[in-house]
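Asker: Below, each chain spelled out in residue letters.
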Amino acid sequence: MDQVKHAPTWIVAVATAFLGAAAFGQDESKRILVLHPAGPSFDDAKKGIQETLGDGYDLKGLVVTKETSVEEVQKAWKEAAPKVVVAMDNRGVALFKDARVKMSDSVTPGVALMGVRIDATIRDVQNVVGINYEIPAVTTIVNLRSLLSNPIKKIGVVHRASMDDMIRKNAEFCAQENVEIVGIRVPDDADAKSALNDALKELTKRSDIDVLLVINDNFFLNAKLVKEVWLPRLSGWKHPVVVGVESLVKPELKFGTFAVLPDNYALGAQAAGLVQEIEDAGWKVEDPKVDQPLSVIKTLNLRGMKSCCGVQQDKLGEVDKVLE
Amino acid sequence: MKLHRAVPWLAAAFLAAQASADKIYVFFPSMAKPNVVQAALQAKLSGHEVTVFGRLADFTTMIKQTPPDAILAPKALAEQFPDFKVFLKGARNGGALEPAVLISTKPVVADALATANVGVVGVLERPAMNGYVKSVVGSQPKLKIVTKVEDLLPLLTFGSADAILVGEGQVDEIKGRSQAALQTTDVANGKIGLLVASAKGDASKLEAALKTLGTAEKKMLGVDSWIK
Chain U
1 MDQVKHAPTW IVAVATAFLG AAAFGQDESK RILVLHPAGP SFDDAKKGIQ ETLGDGYDLK
61 GLVVTKETSV EEVQKAWKEA APKVVVAMDN RGVALFKDAR VKMSDSVTPG VALMGVRIDA
121 TIRDVQNVVG INYEIPAVTT IVNLRSLLSN PIKKIGVVHR ASMDDMIRKN AEFCAQENVE
181 IVGIRVPDDA DAKSALNDAL KELTKRSDID VLLVINDNFF LNAKLVKEVW LPRLSGWKHP
241 VVVGVESLVK PELKFGTFAV LPDNYALGAQ AAGLVQEIED AGWKVEDPKV DQPLSVIKTL
301 NLRGMKSCCG VQQDKLGEVD KVLE
Chain R
325 MKLHRAVPWL AAAFLAAQAS ADKIYVFFPS MAKPNVVQAA LQAKLSGHEV TVFGRLADFT
385 TMIKQTPPDA ILAPKALAEQ FPDFKVFLKG ARNGGALEPA VLISTKPVVA DALATANVGV
445 VGVLERPAMN GYVKSVVGSQ PKLKIVTKVE DLLPLLTFGS ADAILVGEGQ VDEIKGRSQA
505 ALQTTDVANG KIGLLVASAK GDASKLEAAL KTLGTAEKKM LGVDSWIK
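Top line first, the protein sequences correspond to chains U and R.
Note that this note's numbering has the first sequence beginning at 1, numbered continuously upward.
Note that this note's numbering has the second sequence beginning at 325, numbered continuously upward.
For the record, the hints were derived by calculation from the structure and aren't laboratory data.
These numbers come from a predicted model, not from an experiment.
List time: in silico DSSO-like cross-link candidates among lysine-lysine, alpha-carbon distance up to 30 Å:
#	chain 1	residue 1	chain 2	residue 2
1	U	Lys254	U	Lys205
2	R	Lys430	U	Lys169
3	R	Lys458	U	Lys47
Part of the chain U face toward chain R, derived, beta carbon under 7 Å:
#	residue
4	Glu51
5	Gly54
6	Val142
7	Ser146
8	Gln176
9	Ala266
10	Ala269
For glycine and all other residues, C-beta sits at the position ideal for the given N, C-alpha and C.
With the rest of the complex left out, here is chain R:
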């Protein structure tokens, strides 16, 4: 094949590779808006096409409709997509799991959790959230599921929830927004999996790029470092 005939094919192959190899979908509920997180990540992950989703349903639908090459999502959610294998784990204080904490306006009695209303951000589809929370707190409270981290505090203000369940890393941010006398209760043996990075194929380039993220970007993803 002569070179001038091969060029269109090579270009097409290159474009196809580009289109399929660089797509990264991100879902991680935080105080920062998805467009802000997307701009921050995109700036650091040049050569990759980053899409940050604010809604769980959009994230899961797009994975089915236009599959990406890699996803960044909370561990529990990433596990729902077995085609994607974890290649990097987000960590805080050296661990890929963080202690689970209940924030409330009144003291929380661990034994009474089964009859309590507990607010939580939905990181899985509604039915799966019951099992997820049970695995974290050890009993099955009634869940008040919200779509954004900032919506947790109103659950306490309006008395819609007895407590809200968060990871240790979110406690200061949530308490910092309020002047109410909020209390925190550690969940005995309760751990929440942080964000993980998973991919279908070779993710060595993305892995290297993720490791270059600065403190601000990692904070948006709820981590302070990466571990294998």
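Here chain U stands alone, though its shape is the one from the complex:
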């Protein structure tokens, strides 16, 4: 102890400088700026990134709100000098894009996630990769099919015309699993209530539709239309109704029978994989792409499902939440 206490000042100084440089070097080489809104979903995703990458990476978070300015992002960006910027939510992605333009920085790569239509949002942005937030229909159907006794061949979907590309892509994925999407396309300027009513009438009178998939789109999915169209139209329809919002799968609501939501922690882990690909390529995006989300949280309205369809009881252990 005495030896340490009386160590020459220069040794302490050199050691301090060395340790400081090492720490600084580590931070400099592996620093990641994360632009994210506040909230548990984003915290989970950030945790997934940090825990997957491990201690060698230093995540600097900047909570973004509607009021966050591009200048604030620029300041955080300059301070962090990150190797990668991870932008969450459409607000985070927009700020990332704006800050980049203002800083004339197209070198720092970006990873975009947890926003609406990430694929469209970063379509023309260079040196960026992303992960869509919308759960592909095939993921939902494969998970649902493993629970049901009956086969699923056709799924009905009501969608706006502006979602054509998304529906087409989903149809391709579903075809791999021998499932066909039967889409009812509604013009974006249509009256939502009557268009939805007509579309549901058409889908529910068909005998070959095995499942109805409800897309998370405020145009069709809001409290008023749930009460005035969805619930009356689906009353007595003896097939699963799949939703992407957990509150809509509550048994007492008598609406959704199965809900599939993104697993935000796993989404963060998936984003960490993209960060590592960027690192492996020398901190640049070698393969611009938008991946599909891989991992989901499944909630089953068992009461509702039993009232319409046969459920394989031994498969219930594969569901995250079972509501009765």
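Go by the hints and put chain R onto chain U.
Answerer: Coordinates of chain R only, in the frame set by chain U:
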């Protein structure tokens, strides 16, 4: 020491022994959810406190923060904790190792694996997974690491991976979920270590209890029997 004075000490010692002797941490990725596995194991391992983790990071963090007395984990992961000595090995078809299999939508050429994207469930921290997979398949593919077994199939559906790497015991379960034309390719000489049970001290009680697990519980742990 009179008896009435000794009772609190004995009780405290008993409680301390209980608290430290019975804690078992489990990490084994499977189709079944951790809460379901935990309930099933807890029902069979009465007298032990079983915690099943769904996330690798939670498992490794808790081992450091609140060390258990025993762990049940894939062999490769258990080896990361040398304080815990293996007292029982999970087995399938009589062996503690099972053949490694690649599942894909297109034929897999073994020689081209080094340039392929291979999906795998993370049972080790990310950097260690590279060495682990290399030891199994004999080359170093680019890894697409997922957190759950059920996330492997989407890697193939979305074309994010050329193949997924699993143990032979998981092939039917994964293929059974899909109607795609999936192909399987055995990895020449590739073996994957099954789950092992490791403990810091005497594990004779836990060993006896594990041997009473039924087919359903053992299936959740990816084994059909135990060997020493």
